[in-house]
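K.L.:
Sequence:
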Amino acid sequence: MTSRFTILLCAGAALFLTGCGYNQLQSSDEQVKAAWAEVVNQYQRRADLIPNLVNTVKGFAQQVQAVLIGVTEARAKATSIQATPELVDNPQAFQQFVQAQREVTGALSRLLAVAENYPQLKSDANF
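Residue 249 in the working numbering sits at position 105 of the sequence shown, with consecutive numbering throughout.
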């Protein structure tokens, strides 16, 4: 009788302990699923933010590109007119030179305004 009782007691204890372990496994499984759902949520959030970031960078790049093109064109126009001592003697050529220099000044002013308005703008760092 004692051997049957011992066997039943061991079997009951094994079932009882197995049930406790099963509950712990279920709890751990739920924690893992919740943690993985948070990871997936963060990846999805990052994926959702990428188009906004790309559009922001495109907007900055277009604005800077337009200003840089203006500066480059004004500089090219200004350097195409040779500044020689004879330039002062020709009023029409001198007026063209002055106008080209004004365009360079205006383009550089726009570039400085962009740099002041967007100090965080670093185009090459974003690309």
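Don't read these hints as lab results, they were simulated from the structure. Every residue gets a Cβ at the ideal spot worked out from N, C-alpha and C, and that includes glycine. Any given hint could be a false lead.
[Said to hold, decoys possible] Okay, the calculated beta carbon distance ranges per label pair: (1) Ile151 <-> Asn185: 34 to 40 Å; (2) Glu260 <-> Arg219: 48 to 54 Å; (3) Ala155 <-> Asp192: 50 to 56 Å; (4) Ala237 <-> Leu193: 36 to 42 Å; (5) Trp180 <-> Ala220: 54 to 60 Å; (6) Leu252 <-> Gln226: 17 to 23 Å; (7) Glu182 <-> Glu217: 40 to 46 Å.
K.L.:
State for each hint whether it applies.
P.N.:
Right, here's what the structure says about each hint:
no.: 1; hint: Ile151 <-> Asn185: 34 to 40 Å; in the structure: 51 Å, violated
no.: 2; hint: Glu260 <-> Arg219: 48 to 54 Å; in the structure: 21 Å, violated
no.: 3; hint: Ala155 <-> Asp192: 50 to 56 Å; in the structure: 55 Å, holds
no.: 4; hint: Ala237 <-> Leu193: 36 to 42 Å; in the structure: 55 Å, violated
no.: 5; hint: Trp180 <-> Ala220: 54 to 60 Å; in the structure: 58 Å, holds
no.: 6; hint: Leu252 <-> Gln226: 17 to 23 Å; in the structure: 21 Å, holds
no.: 7; hint: Glu182 <-> Glu217: 40 to 46 Å; in the structure: 52 Å, violated
In summary, the structure is inconsistent with hints 1, 2, 4, 7 from the numbered list given earlier, while agreeing with the others.
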